[in-house]
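Use these hints to put chains D, X and E onto chain C, whose structure you have.
Protein chains in written order, with this note's numbering: chain C, 1 to 336; chain D, 1 to 336; chain X, 1 to 336; chain E, 1 to 336.
Incorrect hints may have been included.
With the Cβ distance kept under 7 Å, some of the chain C side facing chain X (calculated, not the full set) [as the list claims (entries may be wrong)]:
#1 90
#2 99
#3 101
#4 125
By construction, these hints were calculated from the structure, which means they are not laboratory data. We put the beta carbon where it would ideally sit given N, CA and C, even for glycine.
4 protein chains.
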Amino acid sequence: MTKFLSDNAAAVHPDLWEAMRAADEADNPYDGDALSAQLDERFTDLFGRECAAEWVATGTAANCLALATMCQPHGGVVCHEEAHIEVDEGGAPGFYLHGAKLILCPDGHGGEGAKLTPDSIAAVIDPIRDDVHQVQPHAIAITQASEYGRSYAAEELSALSDFAAARSLGLHMDGARFANAAAFLGGSARDAAHGVDSLAFGFIKNGGMNAEAVVLFDPAQADLVRYRRKRAGHLQCKGRYLAAQILAMLEGDLWLRNARHANAAAQDIAGGCGDRLMHAVEANELFVRLSPAEREALREQGFEFYDWGADAARFVTAWNTREDDAAALGKAIAAL
Amino acid sequence: MTKFLSDNAAAVHPDLWEAMRAADEADNPYDGDALSAQLDERFTDLFGRECAAEWVATGTAANCLALATMCQPHGGVVCHEEAHIEVDEGGAPGFYLHGAKLILCPDGHGGEGAKLTPDSIAAVIDPIRDDVHQVQPHAIAITQASEYGRSYAAEELSALSDFAAARSLGLHMDGARFANAAAFLGGSARDAAHGVDSLAFGFIKNGGMNAEAVVLFDPAQADLVRYRRKRAGHLQCKGRYLAAQILAMLEGDLWLRNARHANAAAQDIAGGCGDRLMHAVEANELFVRLSPAEREALREQGFEFYDWGADAARFVTAWNTREDDAAALGKAIAAL
Amino acid sequence: MTKFLSDNAAAVHPDLWEAMRAADEADNPYDGDALSAQLDERFTDLFGRECAAEWVATGTAANCLALATMCQPHGGVVCHEEAHIEVDEGGAPGFYLHGAKLILCPDGHGGEGAKLTPDSIAAVIDPIRDDVHQVQPHAIAITQASEYGRSYAAEELSALSDFAAARSLGLHMDGARFANAAAFLGGSARDAAHGVDSLAFGFIKNGGMNAEAVVLFDPAQADLVRYRRKRAGHLQCKGRYLAAQILAMLEGDLWLRNARHANAAAQDIAGGCGDRLMHAVEANELFVRLSPAEREALREQGFEFYDWGADAARFVTAWNTREDDAAALGKAIAAL
Amino acid sequence: MTKFLSDNAAAVHPDLWEAMRAADEADNPYDGDALSAQLDERFTDLFGRECAAEWVATGTAANCLALATMCQPHGGVVCHEEAHIEVDEGGAPGFYLHGAKLILCPDGHGGEGAKLTPDSIAAVIDPIRDDVHQVQPHAIAITQASEYGRSYAAEELSALSDFAAARSLGLHMDGARFANAAAFLGGSARDAAHGVDSLAFGFIKNGGMNAEAVVLFDPAQADLVRYRRKRAGHLQCKGRYLAAQILAMLEGDLWLRNARHANAAAQDIAGGCGDRLMHAVEANELFVRLSPAEREALREQGFEFYDWGADAARFVTAWNTREDDAAALGKAIAAL
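Only chain C is shown next, with the shape it has when bound in the complex (with noise of 0.2 Å):
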């Protein structure tokens, strides 16, 4: 079998596993180790603005802790209708935020593949503006790369950025797959999370184990952040073995170059889908107009992947995809 299921169940890539193992000797337990008091300055050097950043075990955690910054409970946080926050994370902005509501933005004035602009927040929130009887929005979150896969550009985010400030919003992004964003626009962190306020830094998906980062571009809520994590359960006391995975990422861009291995195999098998594409493959995600009876044929090729609605699939690829496997399922579904 041949997966393109996800990469969230990839393996660990091998330098993290020995930073853990290196990181084995006892030390100061929770975020007091050596490695924990590093991650501000590398982060900070990594994006070229001040910053704090703090491990957490799942980008589910990191979501909302960085959002508990940006919005109260009697507020809500304007996202795509189809965010992760939204339809995956089993109503965990509510759990965190405390009942804060998710406002929900569709695609159009603009906006496209799950990306949201200016024009799509201001459609849907403008009509409720200061009418005490509705949630009014606290906050705006974006994913980078999008849900289906899409990235937003330096200037987009500019664009985005400037309208949160105008409506005193803060930015929130959400970064599971910041990696193959980053990847995708040229390599820089600093313009693939310009102008927001925080970052779920997705390191997971992308070779990790179980470490994620919370960027603060606002040092002064690293405390929020930190006694929200103590009280969400998410403290570790082993916390070096997070700070360890984090570390070896960013030690020699590790985090770029999986992104990279993953966006190329993902552009692979783009080469092969033509017309089919429903999205711009800017993130090593493609969803694929197929139909059942294509899929099928697909899966007796072995290869395996998600059914996206009654005529579309989901393919992910992931650090560890073999190269000859994304060029077959290319090849395959171009012989459809």
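Quick look at chains D, X and E alone, frame taken from chain C:
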């Protein structure tokens, strides 16, 4: 330096490293993998009564998820006034139980060393019974071993369990050091968890990296915990690494062997403490009366530990405490 | 000015003033007074099935307290996408249900005018069934009369009730204008609440000051609502004034008489609307297609009402709407 | 029967009935009416510093809404261990503050009769400062008059206010019996609320029906309370009846006149108590040492009151306590 600060930062046991590496091959994500699938049965065997078991990354999360099966947001959880859930979890019960109250119970009425008794609980909850202006208890939480290293024998648990049932209260056991208690009580997991409705079975302080088990003796509650675990951002997509840790711990009773080692080291130290001991040593923690000067003297000899108030110290042994070190500490205290 | 803005700011009915004054003599505080003690029995008589009833000051609180008996924090409540609890209660369900999700149902599958059907609900919840990554439904909330002034007949309620039972979902009825629906349906409270598990029985829009009733057809839930009402700061110490309002409403079916008056006024207006009506008028609200110029013309004649989008208006009648005014409005519309 | 049980069930003052009836004419719903619009200015005049004021139906809601402006969900509110918010509000702070913790302060360090001092607070919060494992204080809540009928003089409030500012803590005053305290202290609302950030100004125990005022001395917080009031189901649509009560209370200082009457009655009783008094009588509550036999004797004479533990009783006077009754009780106690 010889550290007796805590067992919570010790290295990961080699068997667990091996088990995690062996789980590296991709499998189904979340808890759909082959290892996670074994947990229910393995714990059912261990406890000799049907149960469901789910991994989670911290004891705080394990306690809170279990308590959520028995305490509604408007209810309360009776616990000792120095219980870990009250003084050491950063308000996590308030978060996970949505504002439920911890109803605090001091020592007395037969309770000592942070152990509760039916009488000590009744003294607190009877005066507020059926008073709509006061939060009513929904559950009881006890700690095995207690915050002062004391263990509940099966008959004590039986009395608490009967009391809880008579009052329609759930009974949860915080087992961060359950292994040490079970080892002290004779090695039967069954007896050490006699009559409780749920158990947060700790492995991290006993050689694990970041996996504890929420054990539910009413398997009908398993789904509630599964949904709440997801909602709390604790459903890791590579859950097989957590399951691997737990299964390795159960294999050949590693959990008991590690605990026996730590307990033996604690007894070695206790041998040198005489009347200085504030509490009977029934697990791997020692609370020892020591003046500031005496503590200073010990530290000069290279021993690390926490002060416990003005006139005492706490020492904790671990699965990898060297026998020589424990013996040396015992002698050093005896020689003061 | 002749106001058809809403029924929610109308004067208090004289009988209720009298009843409140008569309750002035001190009695037991909270709900321990002689008037509050009568509620269970009075509503049991009215509905012909055993129920418990508790006063509360707003419909928002009434809905939320009832929903709390059937939806846990990690669950969801299925409701129409324009339900009052979704668009007009300022996020109260998120607060009272601790982050539970409103699962939105559009018209279609036989549902119209904001009325739900088993099919319209199934279309939304079946695709997410047993998916741990998506919030699962725990309850259904319908509105009687609906947000567009439509009423559910007993057989429609029966179908919904059967569906809810088959899916193990609770069924709540938001009855802010329950009286108007019941009056329209023939005057039987029993039929108008057929099969539901709980009802927020509204009196305020029907001549009350600030008392609604939470009616629980499973009296075993009464205690949960009592404790949660207290916890929400809704247990008024002079609760007898709220009970007095409700009892006065039930006395001699004042609630029905008031509603019939309002409904009759609505029908008078409807008589002049012809094809302009967007929804059948089955209570005391009218949604009427009117161009901006037509609305302007009506306002110049002294009628007050809300725009409903760009090309329509909403008119609401009340217990004290003067017959002449309603007739005049009907004629004015007919003459446009 | 002559009731000294509580002031919380007394009749509504005739002036308030009149004011409510006068508000019967329909006006804008919610808080958009002409009466609600006057509150900010009226309270600003009363306190001599700018403030915003919003009505709400209970003291519990008033306290919790005010506290929500200063305590985040992961924080804590320092209060006396017998504070009303801890022992008498059914867990409402846990609900409104989303699981925030009440950090309890015993008497001592200069605090007595349930009054806090900077030293008594510091003794509780200093040991946990900056400890991520313990909930950190965000606010302080004091009660004026205290739960034992003691009042804070302006200089005491000044010390608390300075302390709170130095620690970056909010300072809230539960003023369920603020009027009685202000009357005792000389009649200045300004002095009786010196330096606090918010006040739950109670009218219900002083002759109101169901209206208290949340007074915010930082008017920038008014919006937060408005949105949270709505979200808590406390935004009544006929809010003008609540505003009418409050305005009638402020008119001609009715609030002070009523309180002075109650306080005088309390002093009349105190005159007969001598050494039996457990606390100085500085408002309208008396805590009096009385054996079971003595209490029985008083009850046989027709006096109603609550036991206060095994060897004491609590007596409360109200705006409508008859002077003869108070004098009679004083004599009866003196004669025991």
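Evaluated hints:
For residue 90(C), the shortest C-beta to C-beta distance to chain X is roughly 5 Å, which falls under 7 Å, so the interface hint holds. Hint on residue 99(C) holds. Least Cβ distance to chain X is approximately 3 Å, under the 7 Å limit. Given hint, residue 101(C) at the interface with chain X, holds; its Cβ is 5 Å from that chain's nearest Cβ, closer than 7 Å. This hint is violated: residue 125(C) has a C-beta 14 Å from the nearest C-beta of chain X, more than the 7 Å allowed.
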